[in-house]
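S.K.: Given next are the chains, with one letter for each unit.
Number of protein chains: 2
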Amino acid sequence: MNCTKDSISLHTNFAGEMAVEIKKEFLDELTEVIRNRDSAKATELIQDMHPADIAEYFEEINLDDCTFIFMLLDAETKADVLVELEDDEREKLLETIPSDVIGEQLIDKMESDDAADILGDLDDDVQEEILSHVKDVDQAGDIVDLLSYDEDSAGGIMAKELVAINENLTVKQALGEMRDQAELIDEIYYLYVVDDNNIFKGTVSLKSLLFSSTNQKIVNILDEDTVSVKTDTKAEEVAKIMEKYDLVAIPVVDSIGRLMGRITIDDVVDVIRENAEEDYQLSAGITNDVNFSDSVLKQTKSRIPWLLIGMLGGVCSSLIIGVFDEEMASYTSLAMFLPLIAAMGGNAGVQSSAIVVQGLASGDLDIHSTGKKLFKEFRIGACNGLICGALIFAYNFFFSDSFALTLSVSVALLSVIVFATVLGTLIPLLLKKMKVDPAIATGPFITTFNDIMGLVIYLLIAKQMFALF
Amino acid sequence: MNCTKDSISLHTNFAGEMAVEIKKEFLDELTEVIRNRDSAKATELIQDMHPADIAEYFEEINLDDCTFIFMLLDAETKADVLVELEDDEREKLLETIPSDVIGEQLIDKMESDDAADILGDLDDDVQEEILSHVKDVDQAGDIVDLLSYDEDSAGGIMAKELVAINENLTVKQALGEMRDQAELIDEIYYLYVVDDNNIFKGTVSLKSLLFSSTNQKIVNILDEDTVSVKTDTKAEEVAKIMEKYDLVAIPVVDSIGRLMGRITIDDVVDVIRENAEEDYQLSAGITNDVNFSDSVLKQTKSRIPWLLIGMLGGVCSSLIIGVFDEEMASYTSLAMFLPLIAAMGGNAGVQSSAIVVQGLASGDLDIHSTGKKLFKEFRIGACNGLICGALIFAYNFFFSDSFALTLSVSVALLSVIVFATVLGTLIPLLLKKMKVDPAIATGPFITTFNDIMGLVIYLLIAKQMFALF
Numbered sequence: 001m002n003c004t005k006d007s008i009s010l011h012t013n014f015a016g017e018m019a020v021e022i023k024k025e026f027l028d029e030l031t032e033v034i035r036n037r038d039s040a041k042a043t044e045l046i047q048d049m050h051p052a053d054i055a056e057y058f059e060e061i062n063l064d065d066c067t068f069i070f071m072l073l074d075a076e077t078k079a080d081v082l083v084e085l086e087d088d089e090r091e092k093l094l095e096t097i098p099s100d101v102i103g104e105q106l107i108d109k110m111e112s113d114d115a116a117d118i119l120g121d122l123d124d125d126v127q128e129e130i131l132s133h134v135k136d137v138d139q140a141g142d143i144v145d146l147l148s149y150d151e152d153s154a155g156g157i158m159a160k161e162l163v164a165i166n167e168n169l170t171v172k173q174a175l176g177e178m179r180d181q182a183e184l185i186d187e188i189y190y191l192y193v194v195d196d197n198n199i200f201k202g203t204v205s206l207k208s209l210l211f212s213s214t215n216q217k218i219v220n221i222l223d224e225d226t227v228s229v230k231t232d233t234k235a236e237e238v239a240k241i242m243e244k245y246d247l248v249a250i251p252v253v254d255s256i257g258r259l260m261g262r263i264t265i266d267d268v269v270d271v272i273r274e275n276a277e278e279d280y281q282l283s284a285g286i287t288n289d290v291n292f293s294d295s296v297l298k299q300t301k302s303r304i305p306w307l308l309i310g311m312l313g314g315v316c317s318s319l320i321i322g323v324f325d326e327e328m329a330s331y332t333s334l335a336m337f338l339p340l341i342a343a344m345g346g347n348a349g350v351q352s353s354a355i356v357v358q359g360l361a362s363g364d365l366d367i368h369s370t371g372k373k374l375f376k377e378f379r380i381g382a383c384n385g386l387i388c389g390a391l392i393f394a395y396n397f398f399f400s401d402s403f404a405l406t407l408s409v410s411v412a413l414l415s416v417i418v419f420a421t422v423l424g425t426l427i428p429l430l431l432k433k434m435k436v437d438p439a440i441a442t443g444p445f446i447t448t449f450n451d452i453m454g455l456v457i458y459l460l461i462a463k464q465m466f467a468l469f
Numbered sequence: 001m002n003c004t005k006d007s008i009s010l011h012t013n014f015a016g017e018m019a020v021e022i023k024k025e026f027l028d029e030l031t032e033v034i035r036n037r038d039s040a041k042a043t044e045l046i047q048d049m050h051p052a053d054i055a056e057y058f059e060e061i062n063l064d065d066c067t068f069i070f071m072l073l074d075a076e077t078k079a080d081v082l083v084e085l086e087d088d089e090r091e092k093l094l095e096t097i098p099s100d101v102i103g104e105q106l107i108d109k110m111e112s113d114d115a116a117d118i119l120g121d122l123d124d125d126v127q128e129e130i131l132s133h134v135k136d137v138d139q140a141g142d143i144v145d146l147l148s149y150d151e152d153s154a155g156g157i158m159a160k161e162l163v164a165i166n167e168n169l170t171v172k173q174a175l176g177e178m179r180d181q182a183e184l185i186d187e188i189y190y191l192y193v194v195d196d197n198n199i200f201k202g203t204v205s206l207k208s209l210l211f212s213s214t215n216q217k218i219v220n221i222l223d224e225d226t227v228s229v230k231t232d233t234k235a236e237e238v239a240k241i242m243e244k245y246d247l248v249a250i251p252v253v254d255s256i257g258r259l260m261g262r263i264t265i266d267d268v269v270d271v272i273r274e275n276a277e278e279d280y281q282l283s284a285g286i287t288n289d290v291n292f293s294d295s296v297l298k299q300t301k302s303r304i305p306w307l308l309i310g311m312l313g314g315v316c317s318s319l320i321i322g323v324f325d326e327e328m329a330s331y332t333s334l335a336m337f338l339p340l341i342a343a344m345g346g347n348a349g350v351q352s353s354a355i356v357v358q359g360l361a362s363g364d365l366d367i368h369s370t371g372k373k374l375f376k377e378f379r380i381g382a383c384n385g386l387i388c389g390a391l392i393f394a395y396n397f398f399f400s401d402s403f404a405l406t407l408s409v410s411v412a413l414l415s416v417i418v419f420a421t422v423l424g425t426l427i428p429l430l431l432k433k434m435k436v437d438p439a440i441a442t443g444p445f446i447t448t449f450n451d452i453m454g455l456v457i458y459l460l461i462a463k464q465m466f467a468l469f
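If you're matching them up, the sequences are chains D and W in order.
So for the first sequence, this note's numbering puts the first residue at 1; every next one is plus one.
So for the second sequence, this note's numbering puts the first residue at 1; every next one is plus one.
Calculated pairs, BS3-like style, for lysine-lysine (alpha carbon to alpha carbon, straight line, at most 27 Å): (1) W:207 with D:217; (2) D:207 with W:217; (3) D:372 with W:24; (4) D:92 with W:376; (5) D:172 with W:172; (6) W:234 with D:24; (7) D:23 with W:234; (8) W:24 with D:435; (9) D:298 with W:372; (10) W:23 with D:244; (11) D:244 with W:244; (12) W:372 with D:24; (13) D:433 with W:24; (14) W:376 with D:298; (15) W:298 with D:372; (16) W:23 with D:433; (17) D:23 with W:432; (18) D:217 with W:172.
Footprint (simulated), chain W over chain D, 3 or more residues, beta carbon under 8 Å: (19) 341-351; (20) 354-361.
Rather than coming from a laboratory, the hints here were simulated on the basis of the structure.
Source: prediction; values computed, not measured.
Every residue gets a Cβ at the ideal spot worked out from N, C-alpha and C, and that includes glycine.
One chain only, chain D, in its complex shape (with noise of 0.2 Å):
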């Protein structure tokens, strides 16, 4: 069967050129299939997919071609697919599928956090009316208390499925009970422990179960010092103590110390890169997550907020200009330099900030000794000031026939790039002292303001100079 050799291979060899060479051919193949409704050969072709590259697959086709090929695959990998797939395509795809379905097929065959994650994006009755189907009564159950969990709590994206076992069995006994409850578990890293009560006490690694000898107690191999976190704990938090801790999963307890789920380090890859794009469309000013896919209205509505705050930043400008309009009639070319001394303070600010912001994020920095930190930005910005002051002094030197100007936009560059510097410093640190995210100070609310205090800088500056020249 070469076919299936050829969708392995996919995996395999996924980075070299060759290889996406036959992916081509592969693909090339399915959708000439899939045109042709030949059921029977895209089982074949489909068979050795893994799901989440037949979510890929499903992308790029069009939902009539999806629903063809959803329905030819066997349960597990139905339900596999749905949890791959992005929620506008699951969303779709779901509708084109009895509710009876869904719960009796695909919810019952879901870890608890997945269906959860999935039912958690319909609306309420859509919920309900599934949850009515499924079939297994603790699988049903688990998923209405984790949907009970705020989405970015710990209890939110943990799941239900674990190996817990009591802290008195012996190895022999673990074992058992665990062939018993890992049936409906992908991947195993760990046997959590309780007492009677379910309180969390430990946990036992499948290497250390495997080298005890099988009368050995529980209680006695069991590690104590397990990082655990709290249902309510913010599923930014986990992620920073997985990261800290090199964990591959982590049990969840509620607030008496019961053992209530386990999260697993896949789940926490997927927040810690939304956090990472949060904040970087936050510092390109973008309120929601959005991407490019979504509509042209949901689009507008995210980028709006920010295009009118830096409209009202450039109405004060222009109102400050206005300040200043016998200046800039007497001397025309002092606004040649407005947009150079405007977008050379946005420009310093947003690269100290980002600093701080992404120092601040990661917990490498704190907010204390916040005078040491402006001193040091201060440096920076002197530098960064003096190179830049001395090239547009020379420039400005031999093509310009003004020495007032000369010494206008120099100093005032000089002074702006220190300025924003500072400024994109302290911002985020008061931000984040004022339990605010700091990553909006690197959107166009920090551009703004050093935009508009740089032009008052370089006309207050002006002023002197033309006075005193």
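Put chain W on the given structure of chain D with help from the hints.
M.R.: Only chain W this time, still in chain D's reference frame:
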């Protein structure tokens, strides 16, 4: 021992308010003990601290105190703390330790990838000196092998430690083999199966090993569909693959398929974070990976290139305004809205670039059907431009006495927003096609370019309007 419990609750209650309190008390006590150089008490206190917590604590105290505590740790914890430390902290600490101690006691106890990471940061002669003291020849050989790979490739981030078993063994023999090989390995997620020529055949999970009968042959229970990467696969690509397929570990093979090492998710989480940080810094106009603790000189160097480009843009702007000096002199109010137009072009451009850059980075977006993408952005730009244009028209209609200016500013603003939005989408797509990192598009580059284009559009429109009205 109350102190021990305190330090454990550091982990288990990490998220709670109370835990922070305990942590502070505990650390205050530790600091006091260090000040008195009380070795016995200090040893007792740090005994149950997690190496990651010790490393974090080291960043807050001076080098002398670090060295004092470090010397009290057992060899394994020493190695773990070193791995967790930030690069510059580690370098300083290593300078206080003789190279034979580093080689014999520390490098020997680390996983090969951590050891190679640490040695890779040191000068070649220091590397050799330390390696000559590593007693375990296998370990030294592994490290030398790893040092030969590019640090941004799979080879550069993989570890040599793994459990490799021959496909012809039985489950029972495999378990024995595992016991022998697994001593040095912290966590085992999979056994890697090879043939007689060390060619990688697939994996066996600990779960399936536990659930199979002991006489079963490994070849019958191995999972052949395991995703693997090659030693020269880019680290970024490895991260994408592990994220896509939700893997906690991935085997690395050479060009003919021999098993060379494995990469675990914790190493990849670092890659994911670093990539996100790099994009973020590029978008803020910072050319090298710097953080707040870097020296003034290093930070100045990383910031000045983009400032100079911004300045070049500013000089261009001044030349363009110079071309329109007649209009500027006749209608001085024209200058009032220069900063507004320039800033809005920059803001709108950065917004659309950020979404494209992020889409390209996460693989959600490709470079096909560019025309369709640009048309969508055109519509988003038109919506935003109409809203902003209408508002500024209303403002100027009431507050400005020149209808030509009112019309110029609003038409120019609409045009600039549309233009910048489309250009902000086009540029990263073009860069990607030219195989340049599209993240640089969201930096001051696009802001500067859009500033200039904005001015040209504004002044050209104004020239027409003032001629008409």
